[in-house]
Amino acid sequence: MTNGLKAKHQRLILVVIALVALIGAGLLAAWALRNQANYFYLPGQMIAEPPEVGQAVRLGGMVQQDSIRNMPDGVTVSFIVTDKDSAVVPVRFTGILPDLFVEGSGVVAEGRLAADGTFVADNLLAKHDENYVPRELQEMDQHKADETLVAQGPAT
Amino acid sequence: MIAELGLAALWLAAALSVLQLIAGALALRDGSGELASLVRPAAIVQGLLAAFAFVMLLWLFAVTDLSVKLVATNSHSAKPMIFKLAGAWGNHEGSMLLWVTVMALAGGLIALVERRLPERTMFATLAAQAFVGIGFYAFLLLSSNPFERLPEPALEGMGLNPLLQDIGLAFHPPTLYFGYVGLSVAFSFAVGALLTRQVGPAFARAMRPWVLGAWIFLTLGITAGSYWAYYELGWGGWWFWDPVENASLMPWLAATALLHSVSVLAARDALRAWTIMLGVVAFSMSMLGTFLVRSGILTSVHAFAVDPERGTFILFLLGLYIGGALLLFALRAGSVAEGERFSITSREGALVFNNVMLSAILGIVLLGTLYPLLTEVFDVRVSVGPPYFNPAGAIFTIPMLLVMAVGPLLRWRGDRISRIKVPMIVIAAIMLAVLAVVIILGSYGLLADLGLAVAAGLAIASFLPLRGRNLLRVPIATWGMVVAHFGIAVALFGMASESAFSEEKLAAVSVGDNVEIGPWNVSLLATRPVAGPNWTAIEGQLMASYDGGEAILLKPQSRNFWAPPQETTESVLSTRWNGQLYAVIGNEASGGEGAERWQLRLWWKPFVTLIWYGGILVALGGLLALIGRVKGDLKRRYVQSRLAGRKEEGESA
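These protein sequence lines are chains A and B, in that order. First residue of the first sequence: 1, per our numbering; consecutive thereafter. First residue of the second sequence: 157, per our numbering; consecutive thereafter.
Isolated chain A (complex conformation):
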């Protein structure tokens, strides 16, 4: 009898532990997602409401014409990302450039804002090929690109 009661008791403890762990996982996930999710900014948004310095975010826009500069070290480039409202954010990237990264086309930069207002990118996502496009660029290439180019005047 006592043995049965004890077994039932232990089963209850197991169920409670399981529930606590699963609910804990859910709450932890919700909390961590709010804090750790990597937000996407357009240049205008980044200027209006800049993210905290050092926080991992992504910046998406068009690479401004004639803005790509190569640094003497041979692996760092700086360029300007702009949007249809002509907001501009300077970006610095050290690494091997994606192959379809050219002026006047869309780019998504993953990285963080530095204290001097430059966006330091760890990774650049450009159009990969005609079939694969990063998700933010998908829409941008369809309408934002036209708008951007119209706003900037005829591209050279």
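Do not take every clue at face value.
[Unchecked claim] Far from chain B, by Cβ distances over 10 angstroms, these chain A residues were calculated:
1. 48
2. 52
3. 54
4. 66
5. 67
6. 73
7. 92
8. 105
9. 113
10. 120
[Claimed, not checked] Computed footprint of chain A on chain B; a stretch qualifies when at least three of its residues, placed anywhere within it, have a C-beta under 8 angstroms from a C-beta of chain A:
11. 336-350
12. 497-507
13. 542-553
14. 660-669
Don't read these hints as lab results, they were simulated from the structure. Think of the CB as a built atom: it goes at the ideal place given N, C-alpha and C, for glycine as much as any other residue.
Let chain A serve as the given structure and place chain B on it in line with the hints.
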């Protein structure tokens, strides 16, 4: 003609699955309806027809029949044969046909070999398998016909994404699909057992080989996929928490939990409802993964909304099967008799703890994967990456690994902690010692430190169940557990080591320059243009020497494909027992004066290969367990038939 044969076979298979469902359902209702004798043959023939259709598709790709739309859009006559064949499943329609084929073959196989379960449960199981099958046949035939003809044959195919023209692709998706779809059998068994309320050790023993088999394929598929991403993308990482990767990880987590709970059910007749639940969840995760990958929803919620036909179809199937199974579970779980009880400090208790932790990790991954889709509906665009997944996952992974180290030492049913005091102290001492050494050497980040410590302790702990036993008489299945647990420790050590000790160097170098990275000295010898069947490339020739030793020649390439036009980087790896040198060549560096310079990116990754060797060990452990279980089942069957034969003899005499 070939395409039409394939299409006809597919329609016939779909018709047979309808027959299988109706006959199975009637047989279930009447006990043994007149159609009952048709259920098993229908399942077998359906499997053969689906396989025939798939072979027809392979044939079309092999001969590059450009009058078929799928071939014209995904293949090219200049491709090597192996990639022509791989192209058959490297696209939406072909991969769905592969999915359906594997599922039909699995259904045919259980119809052919499974004789242990009560016949009614088998009818219910095969009916459930047919019910799931019908949905996917409908999806294939109505919205993704792989055999569709073009009004006029194309002059040349449009090619295949060059990233996918790799030997890894030839085996990676089919391997994962065997795993995904093998879980459909576990799902059907679970539904069948719920319908007839016959959940017990016999059911668990019938289901276990399928779970093990699916789990082995998933493990290999994930391992191969990780290695493929590592060397093909040229980014130096081995896991990106990409939604497509998560789509394969989630069924693996559920299958790992199911694998352990089904063992408890088979050995001790406990955890009945929980095992059924996991059977439903595991295949639900497979279907969710397929939905995520195949609906286009990952590219953008809006892209999904623009062309919603396929996505909506899969979403409907997902809702129907998952919702239906959960509803059935809610209605029937209460009437499945309670299993055997056990104390918390027992083998079962440890397995329950690990099951709960695996479920929590599954929840973390699931929420992290779906969160960007959810926020996008509200027009907030986020991506979720390692800063979320690594710490949130580790909170549950580390306790799980700690319990995993001691769980196999506990006895079934009830045990005392004091009995395993000595091994526990040994394991804890090893972990603390490694942790102390790592922190003194220079802290490499909390997770990497903990990973190294836990890996060391777990590696030793995984062999402790063999202590004091005659190694020749240890059952094969137990060896399987030891090898798989050791594989986890090996993989964890590789992951932690990669994260702690990797070195990276990026530089623009002229011909003749030297770069030092870790113990390596790398110099650029020359660059030259090279050409392949459907690409041209710039090739760098690097001389790399380890610790002043003999230099080896490495040739990374930056390739330009022309069908379709795209550039890829071909990284090169130099593997030693203690790590890998990883080299990528980029564009010609502009800026600066003097001789032309090339961008070179190098990594030295100590012990990184252990990640994949660990994965292979885990799969090998699964294989040993599978062999052990099947052998045990065959032996049991033989003994039973001998007993029955002797009884007959006795009666006749």
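Against the structure, the hints come out as follows:
For residue 48 of chain A, the requirement that its beta carbon stay farther than 10 angstroms from each beta carbon of chain B is met, with the minimum near 15 angstroms. Every Cβ of chain B is farther than 10 angstroms from the Cβ of residue 52 of chain A; the closest lies at roughly 14 angstroms, confirming the non-interface assignment. The claim that residue 54 of chain A is not at the interface with chain B holds, since no C-beta of that chain comes within 10 angstroms of its own (minimum 12 angstroms). A cut-off of 10 angstroms between C-beta atoms confirms that residue 66 of chain A is not in contact with chain B; the least separation is 14 angstroms.
Non-interface call for residue 67 of chain A relative to chain B: holds, since the shortest CB-CB distance, roughly 14 angstroms, exceeds 10 angstroms. Distance check on residue 73 of chain A: its Cβ comes as close as 6 angstroms (rounded) to a Cβ of chain B, failing to clear the 10 angstroms threshold; non-interface status is violated. Once the 10 angstroms rule is applied to beta carbons, residue 92 of chain A is consistent with being away from chain B; the minimum gap is 13 angstroms. The Cβ of residue 105 of chain A lies farther than 10 angstroms from every Cβ of chain B, with a closest approach of about 14 angstroms, so its non-interface assignment holds.
The claim that residue 113 of chain A is not at the interface with chain B holds, since no C-beta of that chain comes within 10 angstroms of its own (minimum 16 angstroms). Listed as a non-interface residue, residue 120 of chain A keeps its Cβ farther than 10 angstroms from every Cβ of chain B; the least gap is roughly 14 angstroms. For the segment 336-350 of chain B, the stated coverage by chain A is not satisfied: 0 residues place a CB nearer than 8 angstroms to a CB of that chain, which falls below the threshold of 3. Counting residues of the segment 497-507 of chain B whose beta-carbon sits less than 8 angstroms from any beta-carbon of chain A gives 5, enough to reach three: the coverage restraint holds.
Only when three residues or more bring their CB closer than 8 angstroms to a CB of chain A does the claim for the segment 542-553 of chain B stand; here the count is 6, and the claim holds. For the segment 660-669 of chain B, the stated coverage by chain A is satisfied: 3 residues place a CB nearer than 8 angstroms to a CB of that chain, which reaches the threshold of 3.
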